[in-house]
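Each chain is listed here by its residues.
Protein chains: 2
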Amino acid sequence: METLGMIINFIAVLLLIRPPLPLGSKTQHFKWEVGYAFRSPDCVEGLVMGINGQFPGPTIRAEAGDTLHVELTNRLHTEGVVIHWHGIRQFGTPWADGTASVSQCAINPGETFVYRFKVDKAGTHFYHGHYGMQRSAGLYGSLIVDVAEGEKEPFDYDGEFSLLLSDWWHQSVHEQEVGLSSMPFRWIGEPQSLLINGRGQYTCSFASSFIVAGSNTTAGRGRQCQFLGHEECAPQILPVLPNRTYRLRLASATSLASLNFAVASHKLVVVEADGNYVQPFAVDDLDIYSGETYSVLLTTDQNPAANYFISAGVRGRQPNTTQALTILNYKPNPPFKPPPLPPPVTPRWDDFDRSKRFSLKIHALAGRSPKPPMKSNRQIVLLNTQNTVNGLLRWSINNISLALPATPYLGSIKFRLKHAFDGAPPPETFLANYDLMRPLANPNSTIGSRVYRLRLNSTVDVVLQNANAMKENVSEIHPWHLHGHDFWVLGYGEGRFVAAEAERHFNLEDPPLKNTAVVYPYGWTAIRFVADNPGAWAFHCHVEAHLHMGMGVVFAEGVDRVRGIPVEAIACGSTAKMRMASNDERGQELTRD
Amino acid sequence: METLGMIINFIAVLLLIRPPLPLGSKTQHFKWEVGYAFRSPDCVEGLVMGINGQFPGPTIRAEAGDTLHVELTNRLHTEGVVIHWHGIRQFGTPWADGTASVSQCAINPGETFVYRFKVDKAGTHFYHGHYGMQRSAGLYGSLIVDVAEGEKEPFDYDGEFSLLLSDWWHQSVHEQEVGLSSMPFRWIGEPQSLLINGRGQYTCSFASSFIVAGSNTTAGRGRQCQFLGHEECAPQILPVLPNRTYRLRLASATSLASLNFAVASHKLVVVEADGNYVQPFAVDDLDIYSGETYSVLLTTDQNPAANYFISAGVRGRQPNTTQALTILNYKPNPPFKPPPLPPPVTPRWDDFDRSKRFSLKIHALAGRSPKPPMKSNRQIVLLNTQNTVNGLLRWSINNISLALPATPYLGSIKFRLKHAFDGAPPPETFLANYDLMRPLANPNSTIGSRVYRLRLNSTVDVVLQNANAMKENVSEIHPWHLHGHDFWVLGYGEGRFVAAEAERHFNLEDPPLKNTAVVYPYGWTAIRFVADNPGAWAFHCHVEAHLHMGMGVVFAEGVDRVRGIPVEAIACGSTAKMRMASNDERGQELTRD
Numbered sequence: 001m002e003t004l005g006m007i008i009n010f011i012a013v014l015l016l017i018r019p020p021l022p023l024g025s026k027t028q029h030f031k032w033e034v035g036y037a038f039r040s041p042d043c044v045e046g047l048v049m050g051i052n053g054q055f056p057g058p059t060i061r062a063e064a065g066d067t068l069h070v071e072l073t074n075r076l077h078t079e080g081v082v083i084h085w086h087g088i089r090q091f092g093t094p095w096a097d098g099t100a101s102v103s104q105c106a107i108n109p110g111e112t113f114v115y116r117f118k119v120d121k122a123g124t125h126f127y128h129g130h131y132g133m134q135r136s137a138g139l140y141g142s143l144i145v146d147v148a149e150g151e152k153e154p155f156d157y158d159g160e161f162s163l164l165l166s167d168w169w170h171q172s173v174h175e176q177e178v179g180l181s182s183m184p185f186r187w188i189g190e191p192q193s194l195l196i197n198g199r200g201q202y203t204c205s206f207a208s209s210f211i212v213a214g215s216n217t218t219a220g221r222g223r224q225c226q227f228l229g230h231e232e233c234a235p236q237i238l239p240v241l242p243n244r245t246y247r248l249r250l251a252s253a254t255s256l257a258s259l260n261f262a263v264a265s266h267k268l269v270v271v272e273a274d275g276n277y278v279q280p281f282a283v284d285d286l287d288i289y290s291g292e293t294y295s296v297l298l299t300t301d302q303n304p305a306a307n308y309f310i311s312a313g314v315r316g317r318q319p320n321t322t323q324a325l326t327i328l329n330y331k332p333n334p335p336f337k338p339p340p341l342p343p344p345v346t347p348r349w350d351d352f353d354r355s356k357r358f359s360l361k362i363h364a365l366a367g368r369s370p371k372p373p374m375k376s377n378r379q380i381v382l383l384n385t386q387n388t389v390n391g392l393l394r395w396s397i398n399n400i401s402l403a404l405p406a407t408p409y410l411g412s413i414k415f416r417l418k419h420a421f422d423g424a425p426p427p428e429t430f431l432a433n434y435d436l437m438r439p440l441a442n443p444n445s446t447i448g449s450r451v452y453r454l455r456l457n458s459t460v461d462v463v464l465q466n467a468n469a470m471k472e473n474v475s476e477i478h479p480w481h482l483h484g485h486d487f488w489v490l491g492y493g494e495g496r497f498v499a500a501e502a503e504r505h506f507n508l509e510d511p512p513l514k515n516t517a518v519v520y521p522y523g524w525t526a527i528r529f530v531a532d533n534p535g536a537w538a539f540h541c542h543v544e545a546h547l548h549m550g551m552g553v554v555f556a557e558g559v560d561r562v563r564g565i566p567v568e569a570i571a572c573g574s575t576a577k578m579r580m581a582s583n584d585e586r587g588q589e590l591t592r593d
Numbered sequence: 001m002e003t004l005g006m007i008i009n010f011i012a013v014l015l016l017i018r019p020p021l022p023l024g025s026k027t028q029h030f031k032w033e034v035g036y037a038f039r040s041p042d043c044v045e046g047l048v049m050g051i052n053g054q055f056p057g058p059t060i061r062a063e064a065g066d067t068l069h070v071e072l073t074n075r076l077h078t079e080g081v082v083i084h085w086h087g088i089r090q091f092g093t094p095w096a097d098g099t100a101s102v103s104q105c106a107i108n109p110g111e112t113f114v115y116r117f118k119v120d121k122a123g124t125h126f127y128h129g130h131y132g133m134q135r136s137a138g139l140y141g142s143l144i145v146d147v148a149e150g151e152k153e154p155f156d157y158d159g160e161f162s163l164l165l166s167d168w169w170h171q172s173v174h175e176q177e178v179g180l181s182s183m184p185f186r187w188i189g190e191p192q193s194l195l196i197n198g199r200g201q202y203t204c205s206f207a208s209s210f211i212v213a214g215s216n217t218t219a220g221r222g223r224q225c226q227f228l229g230h231e232e233c234a235p236q237i238l239p240v241l242p243n244r245t246y247r248l249r250l251a252s253a254t255s256l257a258s259l260n261f262a263v264a265s266h267k268l269v270v271v272e273a274d275g276n277y278v279q280p281f282a283v284d285d286l287d288i289y290s291g292e293t294y295s296v297l298l299t300t301d302q303n304p305a306a307n308y309f310i311s312a313g314v315r316g317r318q319p320n321t322t323q324a325l326t327i328l329n330y331k332p333n334p335p336f337k338p339p340p341l342p343p344p345v346t347p348r349w350d351d352f353d354r355s356k357r358f359s360l361k362i363h364a365l366a367g368r369s370p371k372p373p374m375k376s377n378r379q380i381v382l383l384n385t386q387n388t389v390n391g392l393l394r395w396s397i398n399n400i401s402l403a404l405p406a407t408p409y410l411g412s413i414k415f416r417l418k419h420a421f422d423g424a425p426p427p428e429t430f431l432a433n434y435d436l437m438r439p440l441a442n443p444n445s446t447i448g449s450r451v452y453r454l455r456l457n458s459t460v461d462v463v464l465q466n467a468n469a470m471k472e473n474v475s476e477i478h479p480w481h482l483h484g485h486d487f488w489v490l491g492y493g494e495g496r497f498v499a500a501e502a503e504r505h506f507n508l509e510d511p512p513l514k515n516t517a518v519v520y521p522y523g524w525t526a527i528r529f530v531a532d533n534p535g536a537w538a539f540h541c542h543v544e545a546h547l548h549m550g551m552g553v554v555f556a557e558g559v560d561r562v563r564g565i566p567v568e569a570i571a572c573g574s575t576a577k578m579r580m581a582s583n584d585e586r587g588q589e590l591t592r593d
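Heads up: the protein sequence lines correspond to chains A and B, in order.
First residue of the first sequence? That's 1 in full-length UniProt numbering, and the numbers climb one at a time after it.
First residue of the second sequence? That's 1 in full-length UniProt numbering, and the numbers climb one at a time after it.
No lab work stands behind these hints: they were computed from the structure.
What you were told as hints is all true, and nothing was included just to trick you.
Quick list of simulated restraints, FRET-style, between CB atoms:
{"no.": "1", "chain 1": "B", "residue 1": "Glu232", "chain 2": "A", "residue 2": "Val269", "range": "54 to 64 Å"}
{"no.": "2", "chain 1": "A", "residue 1": "Thr27", "chain 2": "B", "residue 2": "Ala499", "range": "51 to 61 Å"}
{"no.": "3", "chain 1": "B", "residue 1": "Ser182", "chain 2": "A", "residue 2": "Asn444", "range": "45 to 55 Å"}
{"no.": "4", "chain 1": "A", "residue 1": "Pro439", "chain 2": "B", "residue 2": "Arg186", "range": "41 to 51 Å"}
{"no.": "5", "chain 1": "A", "residue 1": "Thr203", "chain 2": "B", "residue 2": "Gly222", "range": "29 to 39 Å"}
Built from N, CA and C at the ideal position, the CB exists for glycine as well.
Here chain A stands alone, though its shape is the one from the complex (with noise of 0.2 Å):
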């Protein structure tokens, strides 16, 4: 039996390592179904939120040039659902980024929308729910991008393995939601479990000999695990030959907790971050932010009699979850064989210092991405506060915390409706007097739904200055993510940005192009990018309960260029109204008597 389940998770894994044979067509197709299932993702059943009955979503597996095409069918009761192509730029397709008030109308309950559009460029990415708190329910797989036929990746490996890295709470996502908009407010805590592709431990560690006392170092609750392989939340192990090099895809879906990902005993050759490669580098480990993707090679140099822990483990909160586990195993040992050595330990939580040297040591591959303009043509200061508004804990940017409205920006912009959205400009900086280092002294800020116009073509620089929140020497980290472009990461900072010192300092040699970047405790971070993609984007705090609280904003750029919005996109709200109510002899009908 346990042979049995060896095998099956043998030749499981096997099919994760080797890409499918090149496809004739340049066109995948794909039927999905979003529906909730009964699932043990970390061993205690509860609802998942799954595509065609699988939990984490199918893998998606394409080379760039591809176009993508997923007609997408909501199978859930009462839930409207979209799905966004976390990396992808859509450049022409707007309305396929799948970001539930932006880009489109959520999805009703019986209804397919179809998501097509082109994965221009080769890179490890990621999809998920972006409607409510729904990426918290599960709803995330892998999308993974390869070279067009005839490229070549500027390095080498043997085999690789995606892990979707994602965090599990007990509590539904409708109480998460519930309660993060209540009085009194209710924080989600931190998650029960982290999972590996969807598997993690939580009543049980199979790394229990090695619980010290006191430490969050290796799982918990004791009892040693004894898997089989085929249960839903064995975790999915990773085997390897010997003298080998392998490409590790990392994608962190969590829904709050910034990540330290690490293989005992082995090197990690950072490679690619974000879907962009990076001048190389070797590390023990690295932390990884929620929304962000790498790329690390790893070569199996090490005693090839044992196996490995793979280890994922919580930093930058105080952590109160148990590490993800899984193991490297050499063949032909097998797989469950326990590593004589204990899972790597995650490093402190809160030596950020740690953290920003691994953030500085990323570097654009020279050769192999554009340089950014040396000038920028506007900057906006973003400042980040945690605030009461009637009474209600939000974040704001600037003073206002973002509420989605009801009809899709996309839509409302493009077809100028007056009252879609509050039309005035949102601040482009915040006050010189306040005072980052306290939290503040009148907290009380307004919800809003503005946006911020970028002229098309035009290069943007945006600061991310974050503050005290609302506690006493408290300031979060928060992972930003921009949809419908990649940026240049040009500088990290302390305390307040001044932008004649800073600027100074900025990296326009080499910066690493990402869609997400982190700004760290009473820091700041500054991004260059050009807005070039007409359309309607989010660029918002990845921590799902921060933007539930307000915690982003819209940019728009050339709207008016945009042409082919598929009518299902923005069959609701405003838009829908303004266009069903037209003047022939049915719309006369359509009016109240």
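Following the hints, position chain B against chain A.
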């Protein structure tokens, strides 16, 4: 502290007793927001779906002839919502019936829909969610229509109370829905608690001194409740004066439970059923099925030194839920003064003869109700069977299990859309050789969305035919509710309905007018109505889980005559697409390049 609670309780109930003064205006305006909140309806905390923070929703009190104008805003995060005004016929406003997929599109999060309709006659009604299983989530409230100024009821009373009865689960509605749609099937089980006006006691009983071993007639968990009166799960006490007559308005919003209602030591005189006057008759207790309402008169003719238990207990299914209890509080006794007598004993759950005897006592009040036409133009026999469809457990009607389409019937019929639902006529009856007394030999059935098209102003007989379910020797009770009409209940019978025989015994003299009628195990129930209300109308089992599993049909009559459908009611699905794809310039732009 106790005294304060008692006073507050007393004042609160006084407010319920006294109808507000007649309004100068004939239109009442309400602004409602639907949202989830954490509450403890039965002393156990969970999410409830409420209105303006209230659970149950606010009571509406109107006069016959009033127009209600309810601006309903959806404050849920990802779920649509509608509200059905149960018992209101919606003459001329079929889009205001609040039935998702039938009369309107679900209202999306952040959107507002205006329900504007006339309450044309006096009666005891309620309102509730009608999308997915949102009624089970707690979305319901009372709707009481008094006689118009100058009119008189055909009975007298000194005061009144509204008692809205419901059942409550600790499992979330989402889990319930998914379980019912899963393979293997997961039944919701019996409710954890029964609630009176949203209040029950799961963790304690306030009649614990009467608990009899092995009996389910008194509330459980053994522990005596200690209430001050202000607790969310404290029962709402009914304060009365001796030697007065009170009207108790009962409405059952249960998801599953058939209930028996009684007041210890007191007779109940039934005077109203489903908003129609009936010939008064006295009983010790009455059965009330989901979807039904009754008014009973109670005279406080018992020993005024005591309080008395009021109870509602489960019938029709093997009960596993303790009685709902509250107190008839003869003033000046303290409200929580323990009654010396035990709560009423709920009659045996499977004594269906007793239930039928009660049903047969209900007759229309002479001179206050229209009589039925002596003949019908059409007879539709609806056999209900429990089936499997593609491995899923479903309920079917004449072998079709209802799956509601994404586009509401009202719009798709009005605009003659070809593919919004299955246009074929559903079967008028079932096979003559079908064996009602056994499980189906071949239980395969189909999912469908067909509509019974009724000729406007024709008289239609519908026979509900019960049968054996999937399990041997099981046939369940089903209370069927008709939207948009009252119907006459012409008769009940055992076994197979044989028209020639049965019709000779139809009550055409004084059949009660109702909107909900029960069909007993292995029996049939015959109803008659005039299809005089242009619109599309659901007719379905009011057991929430059964409707979810397909137990319903749709009637439509005179839809071509419907004028003035508000655009918001049909701004989804195929009606939105059809009407948005007009030929003007903008329309051109919206089609794909």
